[in-house]
Each structure stands twice: as structure tokens, then as C-alpha cells.
Amino acid sequence: MHDSFTTNTRTENERAIVLVGNPNVGKSVVFSYLTGRYASVSNYPGTTVDVMRGKLLHDGGRVVIDTPGVNTLHPQSMDERVTRDILLSPFDRLVLQVADAKNLRRGLTITTELAEMGLPVVLDLNLMDEARRRGVRVSGSALSAKLGIPVVETVAVEKTGLKQLEKALDAKRSIPKIHVEYPPEIESAISRISEILPDLTIDKRGAALMFLADPGDASESFGERIGSGRAEQAKRIADDVQAMFSHPLGYIIGVSRSRVVDSMLDTVYVKNPALSGGDGEREARVDLRYAAVIVALASAILYLLFGAATLSAWGLHPLLLHVIVLLVLVLVVPYATLAKVTTHHVLGAVLLLEILYVTYQFVGVIGAGILVDLMKDGLFGRIVIPPLSRWLDGAVPASLVRDLFVGDYGLVSMGLTYAIAIVLPIVTTFFLAFGLLEDSGYLPRLSVIADRVMRRMGLNGKAVLPMVLGLGCDTMATLTTRILESKKERRIATILLALGIPCSAQLGVIMAMAAGSSVACAATVFGVVALQLFLVGSLSNRLLKGRSTDFIVELPPLRAPQIANIWLKTIHRLAWFLREAVPLFLIGTLILFILDRAGMISLMERVTQPVVKGMLGLPTESTVAFVVGFFRRDYGAAGLYDLFSEGKLSANQIAVSMVVITLFVPCIAQFFVMIKERGWREAFLIAGFILPFAILIGTLLNVFLRLTGIEL
Amino acid sequence: MNDDKTRSLELLDEVLSVLYEKSERNEKVTPGELLRVKHGEYVFTEALLDSAAQAGYLDQANGMVELTPAGRRQAQTIVRCARLAERLLVDVLHVRDDLVEPSACRLEHSLTEEVADSICTLLGHPKTCPHGHVIPPGECCGRASTEIRPIVKQLSALRPGEEGTVAYVGSRYHSRLTRLAGLGLMPGQIVQVKQVRPSFVISYGEMELALEKDVADEIYVGVSGNRHDA
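Those protein sequences? They're chains R and L, same order as listed. The first sequence begins at -6 in the numbering used here and counts up by one. The second sequence begins at 12 in the numbering used here and counts up by one.
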């Protein structure tokens, strides 16, 4: 099902339909319709950017490629580069551009770029319903006449117009008729560069414009095909023209294009708020709705503080009310108002906490609780391991081989059990929740709330995504730090994930222990950890070189998510998890197995005992937990939980041990991912800093509690 | 004022601004090099350097020509006028790129400090010229001027509900400029501020964009004739 993108595209006689469009215009819905369910996802070489491929249902000879959303084909981001590079591919390409009808201006900017590349285009005017509701009237037929290409009006989620779209893919192909006249200096440079260029996979005018807009990027993409000498020549021409203008050429080219797009819009696009269906009236009641939201949230908070016991007395699970509150918010409040709430500086933060709480309950109770029990005790404990160990007992008499698979540190009993029975259910539920938030358009809004805080730590609002993902699984989250734009940001995010973001497995144990001790104890643990995150974050910000990238994020309108789409995404992500993370769990277990056999683990326990007992003030038995925690954080936490339930830890000792195990070095799978992403040197530097740092903070907390005589 | 007098004053201004620009780049020049500098239509002579030194604007140390504190003050005023003039020509009057330089050169000599301050206020106290060089701040930049209502403001100065037309994006970072242009934030685009904290949220066309304050600071919008229905 999964294959590398390159191996598949090497065939030059492939016939492809390339789906292109701005972000959040419904490309993936169109993709699912055209290809049915059978799609494969692969990461574009060297990136984590998802590129989906599938066979066109009504014509199996053609494939459909779904590309990441773009704002321009003069790439500003990794996503845009991937899409542009696919468009430069040598195989036969028909572009199916999906445009947001209400935002036609942005769509036509891309159409213009496609026209300059000389690619045949079919234009899908999607989201016609949203456009109508906002009083936007777009004439597809007028646009089609103007551009000379098939233009189809659709509402993809309702499957309206998709049949016609399918037909349009078989129609005669044509390149959009759009001509942009650039300033004379640029026009002359275009013809000079075109003369140098050999035949390429796109029109020379388009290629020349790429050189003018970003000579470095263009030389990189065309370098091989045109030879470095010619690329150098083209680059020099571009530099010469740039010297004549005060603004970057890419910007001047963009401005010229936007003038042409504006003049096209004049005849095909009308916005008349008077025509908007009902939304105008809704806007008038916004303030009232605002009040309703405040009441709903306030009641949720009150309930959180006082109501849990009362409700449980009625036999209701506390989670129920939270779900009801969120459902009411989503179903009753108009999306425009809800959108305002999500980014509000107070309400937004409250809503965020509410969402995190419900997500945690969903992942923690259903994923980490019910599903893990089923998989671990049921599937592995009863069905997989007993017959396997019986069979191994009979087949291979050597206990070494048996232990390798089903021993204390066995590949099946520990490695696979951990990856499949414990982590997989947790990440599955987490990805479902994450997909829901993603498809509703909430995630970019979350980054608005988080930007200020993240900025202090040298990150921007976008970095909140890996952090939230880290609450699910830090290993996965470390892989997704690639979405951050600068090296500095990726470094800081990796450090913070390794240092103090507890994964769901760990969080579960901490919550359980906190519930069994006192509120003060839980508050101390989270307070100290949060403080360290902030401290280390802002310190790294000062110490590491480089500029943090701008926080500029498009906020799509909130929409009702499509359940089928969320399933599809979750399945793709799980497949990715199995491919990327499971081998690491197995390697980690193998190393643990070897260490155990060599007697290293008991040695480490003995060596670290003075630190645990003397500096942290914890009982000797907890040493084991920390050493195991070195390899698997939640196991360490679970070891402490056992001590706690046996009544061997005081509240103060719980606080100290929880702080240390949370800050402690990452689990071994995460550590491998760190090596993979950041290299050996950096991974060891980070781990080498975190280990003593965690012990230092634990010691300080222990000494502080002892000196002040505070009993938590 | 007779033409020769004007001409020599202009020449003095030019020599001071050339030295100022060199000092911005941490470059030093010998008198010989300075005489060879071609600055538009102007040609510097030894007599000019002498009279500038006599006026207390120039000094020589270790064979290098340097601005005295007085010369530096004078140069700042001139450079400030020149760069403000460029901003005015490019962003408000939309003069063609090849005409900007010569026009700005003429304008800079005829602007008084008061007029420069007025232009500066009008343009919302811009920090850089279209080429990205720093505009030396004037007195007006320190105090909030009330006499002249600016026709151009930083986007970050708008209140929620207010709208304006993008006049220019004054960023030192090319990447920021092209990125915003890629998102459709170009001169002429009407934008409305939706929210100012925790981050800026603006809407334009049919889309919403969240920005940090640093970026909103660099987007200058025309506010004449806008609706103040916040």
C-alpha cells in the first residue's frame, strides 16, 4: 500500500491528473471521489509532506496525484516546493485545479501561474455553497469562455457537480488563456533567459519567470536538466534585472499578476452582501451568541469545580457533560461566532483547556484504558504470547532464544507488545481526535492562542502542534518537528519534547498518582515541569543562533468535518507510525535485552542508588523504576505507581519522583528518532543535558520541600 | 538665491550623505577615493572638501575622511529627507521605479526639516526606505503628532473593526514581503482588523490571516476615508 514516490513516478509515459489548489479548498474530497478508497500515501523524497496517489476510477489508465495546498507556485514553503516539483515532472500532466469559489482571486493567481507554465488545466470552482451563503456570485461559464478551459461548479462534500467534473477530465485539453504583461525590463529578461533554456517539461516563459522570481530555487530545480553553465547565465540575468528594481522581483511579478487577475474577476465575480443567505442576519445576533457561549463555558467551569461529585451521584460519567457542552457549542453557535471564540484571548484559552481535557479523556480513558487492556491482556497476554512461548519451549531448547522473543525484554513480549498493544491504541485514538480538530479548521486557530507563549521560547504559534501531538506520543511528535521552518525552531521543539512533554502513557500514570494523593502534589508536579519547559525554552532561544520564523497563518473557516475523511487520514497516519516507529521499538528492546544479558542493568541500578537515595530522597526500590524509565518512560512511571499503591511513597516523594521521571531522558524510541532527525551529536548533547538537569531539579525540589517543611 | 550658491550647497549635502552611507556600511574613505566617487550628476572637488572641513563638517584622521558630530547631524537630516522622499514617491505616488532616484535626489535638497517631519507623520513614521536602508528618525517620530492625521498607519495601530488599504509592506526581509504577497497582501488590498490579541487577526477578500505584531508593524495601510465603525 505504501511506496516511495520516486519509484512510482519514474515511468515517463505515465498519464497523471495532478490535483492542485490553495489549502483548505476541498482537494482531498475531490481526490477521494475520483479514486475511490484505494489510495497510497508516500512522503515526498526528503520531506514529510504527504502526497496521495490513486487510480482514476473511470479510467484505470490514469493516476490522480493529490498535492499539498499552495498559495503560489513560486515556492515559499516545503509544501509549495513539493507541489511545484510534481508539476515539473516529465510524465504527461493534466492539472485539475480546485479553487475556492468565494476566494476566486487566490485561485486565479495559481491558474495564471499554471498558464505561464503551459500546462493544460481543468478548473473546479468548489465550495459554491459557501460562496452563495456569503453573497458571492461566480459565473463558471463566463470564466470558461474567458480562459478557454473547462470550468465546473461543484460542492464536493455534497457530491454536487462531481459527475460533470469527471467528464471534463476527458474533454479536449487546453492551456488557460491568460497573458500577463510584465514591466519592459522583466519582459526583456524573460526573452533573454528563454533563449538560453533548452526544451523543458514546462513552457520557457514559466521557467524564465521562476529564474527571475527566485534564481537560487530555479537553478536547484532545473540545474540538472539545463546544465550549470546555463543556469548560471540565467541567474546572472535575473540578478541584473533585480538591480534595477527596489522591490524583490518575485514581488513585482506577483503584483503584475494580481492586476491581471483583478481585471478577470471584474466580469465573472460579484460580491453582494445583500444576497448572502441568512448570514447577515446571523451577524446581527453575534453579540447575543457571544453571551450564550460565555454562559456555556462558565457552566462548564463551575461544573469542573463543584459538579463532578454531584453528577457521579446521579450515575453519570463526568466526561459526558463536557462532551455535551462542546456539542452544544458546535451545533448551536454559528461557525462565524465560534471562529471568533476560538481565537479570543480569554475565551479561546478556556475553550482550548476544555478541548484538551475532553481529548485527554478520550485518549486516556478509551485509548489508554479500555483498548490497551483489550490488546495487552487480551490479544497479547492470552492469544499471542502463551502459544508462542509454548511453541518456543518445544522447538528451541535454548533459553536464550526463548527469552529473546518472550522473556522480560523479549522482542514480542516487550517490543511488539509495547508498540502494538500499548502505543498503537493510544495513538489511534489520539489521531482520531487530532484529525477531528484538524478537519474542523481548529488547529491553525490554536496556534493564534499559543503564539505569544511559544515566541518567548524562540518558537512561533505553529510549534504548538508538535507539542500537543507530544501529549499523545513524543516519538511521533519529534518526527513532526519537521513542519517547523527553521533549524533553530526544530532544535528547540525537539529539546522541549525530550525534556518535559509527558506522553499519554506517562500522563495516565501521573494523573492516577495525582488523583491518589493531593491537588497540591499534582499542581507542584505540573507547575515545576511547566516552569522548566519555559526556562529551558527561553534559554535555548537566547543561546541558539538563528532567527525564528514569522508567524503568519491562514485561518480557514470552521467547517463540519467529514468522518470518512478523518478515518482515511488516521489510517494513513497509523501506517506511517507502524513503518517509522515500530522498528525503533524493536531495536530498543534488542539493546535492552543485550544490556540485561551482559548484567549492565543491575550494575546501573547499583551505581545510581546513591543519587536516588541521597539526592532525591527516594526509597532504594525506586532506583529500578528510574533505570527502566531510561528505556521506557511510562514503565518507569508505572514502577513508581506500584511503589505508590503499596504505600511506600509520601506525597512529597511522589512529587519529586514524578518531576524527575517526566523531565528524565526520553524513551529509547524517541531517542532514536532524535538521532534520525537531528544527528548523533545533537541527540547525545540533548540527552547529556537533560539527565543531570532532571536530577538537579528533583534534588532542588526535594531540598526545598525538606527545608521549608512543606507537606504536600 | 543664485544658482551657483544652490549648486554648492547641494554638493555639500551630497558629499555629507555619501560619507554617511559609507559609515552605515562601516566603510572608510581617503580624500582621493572620495574625489573619484561619482554620485549622479555631481562631481566632488578638493575645494568642496576644504570648504566642508572649514564649515566644521569634515575631519581627517589617519588619512581617512570622517564626519564630525556636526557633519553627522547635518548628514542625517539630508539622508532622512532623501529616504522619506523615496518612500513618498514609491508607495504613495507610485512613481515608476526608474524615475524615483532622480526625483528623490531633487526633492531631498528642497525639503525643510518641518516638511520632512510632516511627510514622515503622513507616512506613519516609516522605518526604512524602499531599498531597505534605515531612515534616521526625526523629532516627530518620538512624540505622537496630533497636528497632522497620518494618511498611512501601521496595520498594528488599527483597532478591531477598523479597515485600511495596504499602501506598502516595509520589511527588511524579502522573504516576508514575498510571503505576504503570495497570500494576496499587496498594495491596494483592503484589510479589516478583526482582533489584536493574543495575535493579530485580519480579514481581506474572503480569507482570514493571523499575524504576529512584528509583521503587522511592517504593513502600512492607508486610512483616509475608512469606516470607523469599531
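Read the hints as simulated data drawn from the structure, not as lab findings. Incorrect hints may appear among the rest.
Stated by the list, open to error - Within a straight-line C-alpha distance of at most 27 Å, the following computed DSS-like cross-link-like pairs (lysine-lysine) qualify: (1) 160(R) / 170(R); (2) 264(R) / 139(R); (3) 205(L) / 481(R); (4) 264(R) / 138(L); (5) 139(R) / 160(R); (6) 369(R) / 481(R); (7) 538(R) / 224(L); (8) 205(L) / 480(R); (9) 538(R) / 138(L); (10) 138(L) / 224(L).
Taking the hints in turn, this is what the structure says about them:
Distance check on the hinted pair: residue 160(R) and residue 170(R) sit about 21 Å apart at the alpha-carbon level, within 27 Å; holds. Between residue 264(R) and residue 139(R) the alpha-carbon distance is near 19 Å, which keeps this suggested pair within the 27 Å criterion. With a C-alpha separation of about 31 Å, the suggested pairing of residue 205(L) with residue 481(R) is violated against the 27 Å cut-off. Distance check on the hinted pair: residue 264(R) and residue 138(L) sit about 37 Å apart at the alpha-carbon level, beyond 27 Å; violated.
Simply put, residue 139(R) and residue 160(R) have alpha-carbon atoms about 20 Å apart, close enough for the 27 Å limit, and the pair holds. Annotation: proposed proximity of residue 369(R) to residue 481(R) is violated, straight-line Cα distance about 39 Å (limit 27 Å). Pair hint residue 538(R) plus residue 224(L) holds up; C-alpha atoms about 22 Å apart against a cutoff of 27 Å. A distance of roughly 32 Å separates the Cα atoms of residue 205(L) and residue 480(R); the hinted pair therefore is violated under the 27 Å criterion.
At roughly 25 Å between alpha-carbon atoms, residue 538(R) and residue 138(L) fall within 27 Å of each other, so this suggested pair holds. A C-alpha spacing of about 15 Å is found between residue 138(L) and residue 224(L), which places the hinted pair at or below 27 Å, so the restraint holds.
In the structure shown, a violation is registered for the earlier hints numbered 3, 4, 6 and 8, in ascending order.
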